[in-house]
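Student: Residues per chain are reported as follows:
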Amino acid sequence: MGQRVSLFVTCIVDQLFPTVGLAMADVLERLGFEVDFPESQTCCGQPAFNSGYRAEARMVARHFLDTFESSPFIVIPSGSCTAMIAHHFADLFHKDPETLARVHSLEKRVFEFSTFLTQVAGVEDVGARFDDIVTFHDGCHALRELGVKDAPRRLLARVRGLELRELSPAEECCGFGGTFAVKFSELSGAMVRTKVEAILRTGARTVVSLDPSCLMQIQGALSRAGSNVRTMHLAEVLASR
Amino acid sequence: MPSEFHQKAHETLANANLQLAIFTATGRLKDKRVEAVGPGELPDYQELRTQANAIKQHAIDNLDHYLELFERNVAARGGHVVYCKDGTEVSDFILALARERGAHLIVKSKSMTTEEVDLNERLEHHGLESVETDLGEYILQLAHQRPYHIVAPALHMTRYDVAEVFTRRLNVPNEIVIEKQTALARSILRQKFLAAEIGISGANFLVADSGAVVIVENEGNARLTTSAPKIHITIAGIEKVIPRAQDLATFLKLLARSATGQLLSVYTSFLSGPRRPGEIDGPDEFYVLLLDNGRTRLLPDKNKRQSLFCIRCGACLNTCPVYRRIGGHTFPWVYSGPIGAILTPQFMGVQQEPDLPFASSLCGACGEVCPVKIDIPKILLELRSDVKKAETRDKQNRLEKLSFRVFAWLMTHPRLYEMAGKMLRSVGVPSIQAGPLRAWTSQRDLPPLPGRSFREMWRRR
Amino acid sequence: MSRDYILHRVRTSLGRSPSEPIPDPPPARILIPEVTLDARVASLIARVEALAGVALETSDPRAYIASAIAGKTVIASNSPYLAACGISSLPGVESGITDREQLRNACATADIGITSADYALADTGTLVMLSSWAEARMISLLPPEHIAVVPRDRILTGLDELFSILPNPAEQSSSMVLITGPSRTADIEQILVRGVHGPGKITVLVAP
Numbered sequence: 596m597g598q599r600v601s602l603f604v605t606c607i608v609d610q611l612f613p614t615v616g617l618a619m620a621d622v623l624e625r626l627g628f629e630v631d632f633p634e635s636q637t638c639c640g641q642p643a644f645n646s647g648y649r650a651e652a653r654m655v656a657r658h659f660l661d662t663f664e665s666s667p668f669i670v671i672p673s674g675s676c677t678a679m680i681a682h683h684f685a686d687l688f689h690k691d692p693e694t695l696a697r698v699h700s701l702e703k704r705v706f707e708f709s710t711f712l713t714q715v716a717g718v719e720d721v722g723a724r725f726d727d728i729v730t731f732h733d734g735c736h737a738l739r740e741l742g743v744k745d746a747p748r749r750l751l752a753r754v755r756g757l758e759l760r761e762l763s764p765a766e767e768c769c770g771f772g773g774t775f776a777v778k779f780s781e782l783s784g785a786m787v788r789t790k791v792e793a794i795l796r797t798g799a800r801t802v803v804s805l806d807p808s809c810l811m812q813i814q815g816a817l818s819r820a821g822s823n824v825r826t827m828h829l830a831e832v833l834a835s836r
Numbered sequence: 003m004p005s006e007f008h009q010k011a012h013e014t015l016a017n018a019n020l021q022l023a024i025f026t027a028t029g030r031l032k033d034k035r036v037e038a039v040g041p042g043e044l045p046d047y048q049e050l051r052t053q054a055n056a057i058k059q060h061a062i063d064n065l066d067h068y069l070e071l072f073e074r075n076v077a078a079r080g081g082h083v084v085y086c087k088d089g090t091e092v093s094d095f096i097l098a099l100a101r102e103r104g105a106h107l108i109v110k111s112k113s114m115t116t117e118e119v120d121l122n123e124r125l126e127h128h129g130l131e132s133v134e135t136d137l138g139e140y141i142l143q144l145a146h147q148r149p150y151h152i153v154a155p156a157l158h159m160t161r162y163d164v165a166e167v168f169t170r171r172l173n174v175p176n177e178i179v180i181e182k183q184t185a186l187a188r189s190i191l192r193q194k195f196l197a198a199e200i201g202i203s204g205a206n207f208l209v210a211d212s213g214a215v216v217i218v219e220n221e222g223n224a225r226l227t228t229s230a231p232k233i234h235i236t237i238a239g240i241e242k243v244i245p246r247a248q249d250l251a252t253f254l255k256l257l258a259r260s261a262t263g264q265l266l267s268v269y270t271s272f273l274s275g276p277r278r279p280g281e282i283d284g285p286d287e288f289y290v291l292l293l294d295n296g297r298t299r300l301l302p303d304k305n306k307r308q309s310l311f312c313i314r315c316g317a318c319l320n321t322c323p324v325y326r327r328i329g330g331h332t333f334p335w336v337y338s339g340p341i342g343a344i345l346t347p348q349f350m351g352v353q354q355e356p357d358l359p360f361a362s363s364l365c366g367a368c369g370e371v372c373p374v375k376i377d378i379p380k381i382l383l384e385l386r387s388d389v390k391k392a393e394t395r396d397k398q399n400r401l402e403k404l405s406f407r408v409f410a411w412l413m414t415h416p417r418l419y420e421m422a423g424k425m426l427r428s429v430g431v432p433s434i435q436a437g438p439l440r441a442w443t444s445q446r447d448l449p450p451l452p453g454r455s456f457r458e459m460w461r462r463r
Numbered sequence: 008m009s010r011d012y013i014l015h016r017v018r019t020s021l022g023r024s025p026s027e028p029i030p031d032p033p034p035a036r037i038l039i040p041e042v043t044l045d046a047r048v049a050s051l052i053a054r055v056e057a058l059a060g061v062a063l064e065t066s067d068p069r070a071y072i073a074s075a076i077a078g079k080t081v082i083a084s085n086s087p088y089l090a091a092c093g094i095s096s097l098p099g100v101e102s103g104i105t106d107r108e109q110l111r112n113a114c115a116t117a118d119i120g121i122t123s124a125d126y127a128l129a130d131t132g133t134l135v136m137l138s139s140w141a142e143a144r145m146i147s148l149l150p151p152e153h154i155a156v157v158p159r160d161r162i163l164t165g166l167d168e169l170f171s172i173l174p175n176p177a178e179q180s181s182s183m184v185l186i187t188g189p190s191r192t193a194d195i196e197q198i199l200v201r202g203v204h205g206p207g208k209i210t211v212l213v214a215p
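Protein chains in written order, with our numbering: chain W, 596 to 836; chain B, 3 to 463; chain C, 8 to 215.
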């Protein structure tokens with residue numbers, strides 16, 4: 596048997612994009628990992644945390660700690676949720692040394708999907724084939740809080756049939772920002788329209804990202820603009836053959 | 003009712019010319035910065051940021067010590083330090099001095115600190131003429147507007163706007179050539195410089211071990227302001243003090259590069275006291291007004307006090323996708339953009355401007371470009387928490403509070419969470435035309451809903 | 008009194024008591040690269056030119072200036088170096104003024120101001136001027152054109168070397184100014200305009 600890894604699929608993938616979770620599991624199993632899905636998992640608590648409700652976020656974070664106490668590796672199809680756990684759980688419990696110790700143990704065990712593949716599994720070529728022109732959107736939290744930039748590009752470079760065209764400007768926010776997208780919807784809409792223009796300029800047919808929430812925002816705006824450019828999570832591209 | 007912030011944001015977003023002006027100008031500044039701090043130009047950029055952050059942390063953590071040291075050294079060079087709680091104390095001091103010296107005309111160089119306290123209005127109310135001499139600030143003073151941007155105050159105006167303001171306020175023929183507009187301002191302001199009895203400047207740094215005021219600028223108006231009149235008054239926030247002149251070797255490398263992409267600004271003046279015996283020119287009197295105006299409110303919180311590290315380079319504005327769309331005047335106070343979003347609520351109290359910390363997608367670009375490494379996103383998050391605590395205390399926004407209670411409860415009860423998800427998918431989310439969904443669909447489409455959740459599919463796998 | 012009030016607020020907010028000792032500040036970061044004098048001269052010239060200034064090395068600054076100032080109203084500083092170069096005594100050059108008002112009036116009407124410089128910084132193209140009996144502030148500021156004659160051996164690598172030589176510039180003068188290129192603004196539509204308040208033209212002569 597291979598090394599055990601636990602999926603934390605995130606609430607958004609669980610409820611809205613289940614195929615992303617399945618694709619992630621496929622890729623990991625193909626690489627020989629034993630994949631499990633702790634059933635009591637829900638959310639990382641980021642919606643409450645980013646909205647200023649720290650007590651509520653703390654409740655959800657504790658639930659997460661309990662759920663994944665015994666998982667040696669936790670793989671997450673989202674840079675944003677990974678950053679929440681790896682960076683902001685510590686902010687939530689800075690006055691609670693006992694829980695903080697559990698958080699610090701957890702931080703070493705959570706991995707954003709592409710980072711897990713390149714750093715822990717040590718692979719770049721997962722045997723995928725995807726005949727398309729794609730562009731890659733860097734989610735802000737993956738990029739700036741986790742420093743993930745090369746890993747997804749190295750993985751995409753080894754996908755047969757795939758042509759990657761970089762966005763320009765590359766590192767601009769798509770405007771999602773959680774409740775920001777509805778609290779400041781007009782502004783968020785202006786931001787994503789700029790992103791859509793950049794995507795269309797590349798001539799790509801598919802937008803790939805590590806974050807389902809960015810993809811939801813971008814897909815919604817592409818669709819509103821009447822474009823048939825599609826969005827896919829990296830896991831879905833890597834699961835294709 | 004949309005808040006004033008929302009209303010102004012909407013107006014700016016709807017103004018295509020303004021959108022283009024802001025986006026182009028900030029984009030240019032942004033690109034220049036990236037080049038100037040790149041590995042080719044500044045290989046030790048990250049080390050400099052770390053050093054700048056460490057110095058600021060040390061200076062703010064020991065602020066009383068450095069203020070007193072600064073004060074002693076200014077006095078030793080024949081200058082005077084005056085502490086002011088607020089704008090009234092600043093203007094009272096200047097008015098009294100002007101009265102004593104029989105002064106009527108004041109020239110001013112750019113200072114965000116004086117904008118904080120509406121200094122010009124206060125002085126003019128008492129019959130003094132106080133003239134802004136930075137070109138952008140001069141245009142804004144004539145137009146009765148406040149700065150749109152920390153570094154580029156008239157960023158939102160075109161040459162045609164400037165022509166209109168000049169024609170209306172200066173009774174000059176319509177002139178749309180920028181070089182000629184600049185030359186006109188130069189000739190008018192040159193006469194002011196030569197006639198003014200008092201010059202008022204801001205300060206980029208106060209150097210404790212030297213008793214010196216450091217002013218960084220491109221036009222030369224700050225040099226004229228501080229050298230031509232017989233009295234020079236500096237107005238600076240108490241947080242501007244740094245320990246040593248040698249620390250400037252760090253800060254000066256970062257400031258201009260971050261602000262405009264220049265290696266150094268054209269003029270960096272290091273001024274310590276009035277002119278000395280033998281020196282041919284320079285002021286006879288030298289005052290430094292150290293302003294609190296709410297700064298001490300930011301000190302008790304060990305994390306949030308880093309907001310006071312800011313050296314006002316404006317890099318966070320230029321890189322911010324929010325500032326680049328809603329502009330400077332949407333922000334309720336003189337400081338705009340990400341730094342404004344953390345300074346304003348802390349100076350004014352979080353409940354005064356509860357929208358500000360939330361007007362961010364938390365993309366983190368501001369923290370990434372900050373030359374003194376202020377963790378702006380983290381402070382925004384803390385301020386959001388402060389806003390919600392205050393609202394809870396005052397029993398405001400109770401529906402939102404309740405919905406996050408329900409959220410936390412569902413997320414800690416997996417079975418209920420699963421049921422709730424199932425219900426939403428079966429009802430069909432698009433049929434619920436509640437507030438947040440309407441806000442979402444006002445800008446973009448909803449994703450198609452899957453028939454089953456991941457966990458249901460996983461079980462059937 | 009506001010002084011005591013503010014200092015008290017600062018201390019109580021920081022949890023410090025009056026005259027409580029402070030920890031050592033982080034050591035100043037002063038790193039001086041090894042750059043040959045020839046390379047420094049070349050860098051200075053390149054940087055000034057990149058800022059649309061004129062910069063050149065000459066063994067005869069007097070001759071250069073004599074031709075540059077023909078027919079112009081010129082004021083020169085009281086720098087002994089300019090005198091030694093024979094520049095102060097060139098026909099048409101006014102020099103030796105020690106009265107503030109007289110100097111200011113002369114500068115306000117001059118076409119060109121000529122100064123020396125205490126140092127120059129090679130990596131940024133910067134002149135370093137300390138105010139003194141020899142160098143007034145106004146000469147490099149009021150006339151529309153500024154010419155500076157810098158002795159070659161005064162060219163430093165950059166800011167770090169400057170602040171290691173002058174760890175506290177306040178000990179030398181009430182005013183040290185660093186001048187990096189001509190006066191400029193981009194306040195209207197980000198269009199660069201030179202010479203808005205200070206000189207729009209700057210010439211740096213590197214001399215022996």
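Quick caveat, the hints were computed from the structure, so don't treat them as lab data.
Watch out, some of these pointers could steer you wrong.
[Said to hold, decoys possible] One-sided excerpt, in silico: chain W residues whose CB lies under 7 angstroms from chain B: (1) PRO613; (2) LYS744; (3) CYS768; (4) GLY772; (5) PHE775; (6) MET811; (7) GLY815.
Yeah, the Cβ is synthetic: ideal placement off N, Cα and C, and Gly gets one too.
Student: Report holds or violated for the interface hint on MET811/W, using the least CB-CB distance to chain B and a cut-off of 7 angstroms.
Tutor: holds (5 angstroms)
Student: Under 7 angstroms, Cβ to Cβ, is where GLY815/W needs to be relative to chain B, so tell me if that hint holds or is violated.
Tutor: At 3 angstroms from the nearest chain B Cβ, GLY815/W passes the 7 angstroms test, so the hint holds.
Student: Just to be careful: measuring from the Cβ of PRO613/W to every Cβ in chain B, is the smallest value less than 7 angstroms?
Tutor: With a closest approach of 4 angstroms, the PRO613/W hint holds.
Student: Once the shortest beta carbon distance from LYS744/W to chain B is found, is it less than 7 angstroms?
Tutor: violated (12 angstroms)
Student: For the hint on PHE775/W, does the least C-beta distance to chain B fall short of 7 angstroms?
Tutor: Check passed: Cβ of PHE775/W comes within 5 angstroms of chain B, closer than 7 angstroms.
Student: Hold the hint about GLY772/W up to the distance rule: shortest CB distance to chain B must be less than 7 angstroms.
Tutor: holds (3 angstroms)
Student: Hint CYS768/W vs chain B: min CB-CB distance below 7 angstroms?
Tutor: holds (4 angstroms)
Comparing the model with each numbered hint stated earlier shows that hint 2 is the single one that does not hold.
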